[in-house]
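Let the sequences and hints guide you as you build the complete structure.
Protein chains: 2
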Amino acid sequence: MRIKELKLHPIAVADGPLRSSYGLHAPYALRTIVEVVTTDGITGISETYGGDGPVGALESVRHRVEGMDPFQLTGFWQYLQGQAREIEAQATSTGARSQTWLVPGENPLDVHTRTNAAIEVACLDAIGKALGRPLCDLVGGKCRDAVPFSAYLFYKHAGGGGMGDDAREDEYGEILTPEAVVRSAKQMVAQYGFKEIKLKGGVLDPDAEMDAIRALRAEFGPSFPLRIDPNCAWSVDTSVRVGLGLTEELSNGGYLEDPCAGMEGMGEVRRRLLAAGVDTPLASNVATTCFAHVPVAKQTDGVQIILSDPHYWGGVRAQQKLSDLCEVLGLGMSMHSNNHLGVSLMTMAHAAAVCPMLTYGCDTHYPWQTEIDEVVVGGRVKFHEGTVVIPDKPGLGVELDYDQVARGEERYRKLPYRKRDDELEMQKHVDPNWKRILPRW
Amino acid sequence: MRIKELKLHPIAVADGPLRSSYGLHAPYALRTIVEVVTTDGITGISETYGGDGPVGALESVRHRVEGMDPFQLTGFWQYLQGQAREIEAQATSTGARSQTWLVPGENPLDVHTRTNAAIEVACLDAIGKALGRPLCDLVGGKCRDAVPFSAYLFYKHAGGGGMGDDAREDEYGEILTPEAVVRSAKQMVAQYGFKEIKLKGGVLDPDAEMDAIRALRAEFGPSFPLRIDPNCAWSVDTSVRVGLGLTEELSNGGYLEDPCAGMEGMGEVRRRLLAAGVDTPLASNVATTCFAHVPVAKQTDGVQIILSDPHYWGGVRAQQKLSDLCEVLGLGMSMHSNNHLGVSLMTMAHAAAVCPMLTYGCDTHYPWQTEIDEVVVGGRVKFHEGTVVIPDKPGLGVELDYDQVARGEERYRKLPYRKRDDELEMQKHVDPNWKRILPRW
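In order, the protein sequence lines correspond to chains A and B. For the first sequence, the residue numbers in the numbering used here are 1 to 441. For the second sequence, the residue numbers in the numbering used here are 1 to 441.
Please note: incorrect hints may appear among the correct ones.
Since the list gives no way to pick one copy over another, a pair counts as held whenever it fits inside one copy or between any two copies.
As the list claims (entries may be wrong) - Straight-line alpha carbon distances no greater than 20 Å define the calculated SDA-like cross-link-like pairs of lysine to any residue that follow:
hint, residue 1, residue 2
1, Lys298, Leu331
2, Lys393, Gly75
3, Lys419, Asp110
4, Lys382, Gly193
5, Lys393, Arg2
6, Lys393, Val381
7, Lys298, Leu329
8, Lys298, Gly330
9, Lys393, Gln72
10, Lys298, Glu327
11, Lys393, Asp69
12, Lys414, Lys428
13, Lys7, Gln72
14, Lys298, Arg272
15, Lys428, Ala158
16, Lys186, Ala218
17, Lys195, Val389
It is worth saying that the hints were derived from the structure and are not from the lab.
Now the structure itself:
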């Protein structure tokens, strides 16, 4: 079995005007659907980041992927590591290494883990389909039959995603008050059965966001773990103030995610909270973006829960590697998400199913996307009491609806942008002078 | 595909009177050949530790293994971890936890990793045979086509293994002088093509062993990495003295393995060597016997090279996990060996082939065993210039010769012992008052 062809489908997916400390979500999120077609006619699929950057990175490995045996993933990863080392050596010798490399997603050395993930998952899906085995069986088998996800709440403006003729309403409306946050949570919990809740913060004044968390606690009670993620919008002082103010609300499976920027600041927040007798764990996908950061997280105690993501860290086996590392170092693990469709949801579910350390409900943006954009046959993946059940089907357990993929590609072609820029969206739609300021509070 | 039957074949394998700080090898080494027979008639095999202990541990999981889908290895490992936790809880509550648990191989909590390895490898072999794929392909594919092994020299008395009618001569004779060490090295290098050399020390006075290493350097030159492993026979002072005395000889890919007992002592040796400008790395399979020890090794700098072993650490995926952990922590990795036959050799080769971090030639006792005892079809596995080439055959790439297995079982049945006891062998054959003393020098 060899890979005969790599197919890339850049697509655009309608997305509502969600807010975060980065700014405002654009009317369409960008994704890429990847196919590897094998010589024996099997097609493996994956879903990854979208836009020119990720597509270009995948195009650049086409010559290496086409002709490859999909089982030879260690070798493919070594090839990508070699490419990354070359980029690094060049940047070092020419002095082109930039401070912006420290921004998550902007470091060219991260690209190869994402490229690896997109190819690995498609290869594992193809292998699973060839063998008639679920993807999770190819990496050791699942340790749970169903993967719990969390309601992922956002502040947002009124209206849904899309533009022009394709503009859509959404079922959530404007969410800028504690009452609206609670309303959206109740909608999601009713529709999907989630039993854990995370609020994307860093948008309103921290006191208003604390009020929202308190309102969620009042509505759902202590059996629903609560989390808040202001994406580094707060200073160390503010982070400590929020941690102290939400001691009870963030207990019992809750956490405080990336309250401030940098491992040093996170470590200081942790020390000050512990000194006050508060052991709310700090979670991160900003201070910890690669394996080398994980021992540092342990050493400095800046992060207690690593936010994994099979798309970002290198794939399903990399996800297992992170689970193993967290186990050895005594760290917790949860899972981060970006806007995504059903192929990614199933990837996250299989990846989470094989990681014993993943004991927190995973994030998912899935409720913010709609049936109109879904690319998997049969429409949107169903949740059962807040979980995705691992299907007893080959590979990821989903197939592409090619008409839907074509519609997504058509939307992508019409779009004027090829890169996510939440700051620009804020300037266009909300405030022409808006800048991402860290810390803002 | 389900496992219909677990078959265990305890066998005895002739072994010469090899010496170490533990004492004297008995006339037969004990091994266990494991088979898992699937419902579709495929048999997966593995080789593991021998004697009543390992066989009993495998018997105790028969009810869990029979009926199991061989792909569901994460679940099997979780089951074993649950058993281990029960043992630990009982021992803690009854006060039965013993200091002897700190002796490698004597900790009942280690048993489950070895049991897991034996079952995992047999399952992966069965899966590989079912799919027509080499075992290494099932865990991501190899990163090298051939795995380098090292000449593993021992001090020994004259004669070979076996007893009574089955007593054998060996080609090495007595090895108790530097000249004999060099002679045995030349024999092994000529026969197997090894390009790296390790001497099991801790037997003679350290000065005599240093002379042996110097004689090896004089004979083979600096392109042959040299290693010495006295199995903790030395004090910190002696370890430092040897490290300083063999600075040049142990450079260029050499290492000093477990010179003294315990991470603390190892750390002190390291600090004193570094202070003297000597950065000979310390390797260990005694101070580091489980994953929890690995970060401690890094933190204390007591060990720079972890000695892996798929049989001991939990299997092929555990071997990868260790490789990943060493990569993240910036540690080196090599591979330890016990007396073994061809099934184990192929297991070690597949495991090493998928671990990018394994950059030192692996240990192997294989040259100390003979064709007479080999259980794989076609006789002993061939070395090519000191390496084992990963065959393009399903699973491990070897099949059992059942007549040979039956002969091994027959030898086992006749044996009066069911557990390795090198100290007792010394008392019986060399010195009735011999005791393992650490440190001896």
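These are the hints, each one checked on the structure:
Taking CA atoms no more than 20 Å apart as the test, lysine 298 paired with leucine 331 passes in both settings, with 7 Å inside one copy and 17 Å between copies. For the homomeric pair lysine 393 and glycine 75, the shortest alpha-carbon distance between copies (19 Å) is at most 20 Å, but the shortest distance inside one copy (28 Å) is not. Proximity of lysine 419 and aspartate 110 under a CA criterion of 20 Å is satisfied intra-copy only: 16 Å inside one chain copy versus 51 Å between copies. Taking identical chains as interchangeable, the C-alpha atoms of lysine 382 and glycine 193 lie at most 20 Å apart only when both belong to the same chain, with a minimum of 11 Å there against 59 Å between chains.
Proximity of lysine 393 to arginine 2 under the C-alpha cut-off of 20 Å is restricted to the inter-copy arrangement: shortest distance 17 Å between copies versus 22 Å within a copy. Taking the shortest Cα distances, lysine 393 and valine 381 sit within 20 Å of each other inside one copy (14 Å), while across copies they are farther apart (39 Å). Taking the shortest alpha-carbon separations for lysine 298 and leucine 329, both the intra-copy value of 7 Å and the inter-copy value of 12 Å come in at or below 20 Å. Both within a single protomer and between protomers do lysine 298 and glycine 330 lie at most 20 Å apart by alpha-carbon distance, with minima of 8 Å and 15 Å respectively.
For the identical chains of this complex, lysine 393 and glutamine 72 are inter-copy neighbours only, at 15 Å across copies versus 23 Å inside a copy, given an alpha-carbon limit of 20 Å. Taking identical chains as interchangeable, the C-alpha atoms of lysine 298 and glutamate 327 lie at most 20 Å apart whether they share a chain (12 Å) or sit on different chains (16 Å). For a Cα distance limit of 20 Å, the shortest separation of lysine 393 from aspartate 69 across copies, 15 Å, qualifies, whereas the shortest one inside one copy, 22 Å, does not. For the identical chains of this complex, lysine 414 and lysine 428 are intra-copy neighbours only, at 19 Å inside a copy versus 86 Å across copies, given an alpha-carbon limit of 20 Å.
In this assembly of identical chains, the alpha carbons of lysine 7 and glutamine 72 lie at most 20 Å apart only when taken from the same copy (19 Å versus 32 Å across copies). With identical chains, the CA atoms of lysine 298 and arginine 272 are at most 20 Å apart within one copy only, with a shortest distance of 17 Å there and 28 Å across copies. With identical chains, the CA atoms of lysine 428 and alanine 158 are at most 20 Å apart within one copy only, with a shortest distance of 16 Å there and 87 Å across copies. Only within a single protomer do lysine 186 and alanine 218 lie at most 20 Å apart by alpha-carbon distance; the minimum there is 12 Å, versus 78 Å between protomers.
In this assembly of identical chains, the alpha carbons of lysine 195 and valine 389 lie at most 20 Å apart only when taken from the same copy (15 Å versus 52 Å across copies).
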